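Student: The residues making up each chain are set out below.
There are 2 protein chains.
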Amino acid sequence: MKARIKITLKNGVLDPQGKAIHHAIDALGIPGVDDVRQGKYIEVALNETDETKAKAAVERMCRELLANMVIENYSYELVR
Amino acid sequence: MKARIKITLKNGVLDPQGKAIHHAIDALGIPGVDDVRQGKYIEVALNETDETKAKAAVERMCRELLANMVIENYSYELVR
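These protein sequence lines map, in sequence, to chains D and S. Each residue of the first sequence is one higher than the one before, starting from 1296 at the first, in my numbering. Each residue of the second sequence is one higher than the one before, starting from 1296 at the first, in my numbering.
For reference, chain D alone in the conformation it holds in the complex:
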């Protein structure tokens, strides 16, 4: 089972990295971009076949390690 985890900044949290990317896109001359936000993407391969247990493990690693819950949100999907 594989977990695809996205960590994103909460709304209102400043994102200088996203701003830098936005400037670089403008400098390339690509039009039509309103906003850019950068987050993290983490793929975790689990040797767990039980979906409930896999979910519990992923929740725990998101809350305790991967996401800073003060400024970040996480979301994930489990795929077989």
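Just so you know, the hints here were simulated from the structure itself, not pulled from any lab data. Computed from a predicted structure; not experimentally measured. This list has only true hints and no planted wrong ones.
A few chain S positions that, by computed beta-carbon distances, are all more than 10 angstroms from chain D:
no., residue
1, K1305
2, L1309
3, P1311
4, K1314
5, T1347
6, N1363
7, M1364
8, V1365
9, I1366
10, V1374
Some chain D residues judged to face chain S by a derived CB distance under 8 angstroms, without partners named:
no., residue
11, L1323
12, G1334
13, E1338
14, L1341
15, A1352
16, L1360
The C-beta atom is built at its ideal place from N, Cα and C for all residues, glycine as well.
Following the hints, position chain S against chain D.
Tutor: Here is chain S on its own, set in the frame of chain D:
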């Protein structure tokens, strides 16, 4: 329209950041993790309503700016 872009390392490319996360997960005592790979996640808000044009813009920013095509892959989805 919004583009959700994932940048991931190609298979075979060393991922020390992913390894560090793997070690930290083990240290937390969360069992059942085989492998961890870290990538980037970027959300781009586009003021383009034409899907073909939005796609072309996102392809260009992925190839020319966001992904290093030698060691990274990109994938994205467009949402309204």
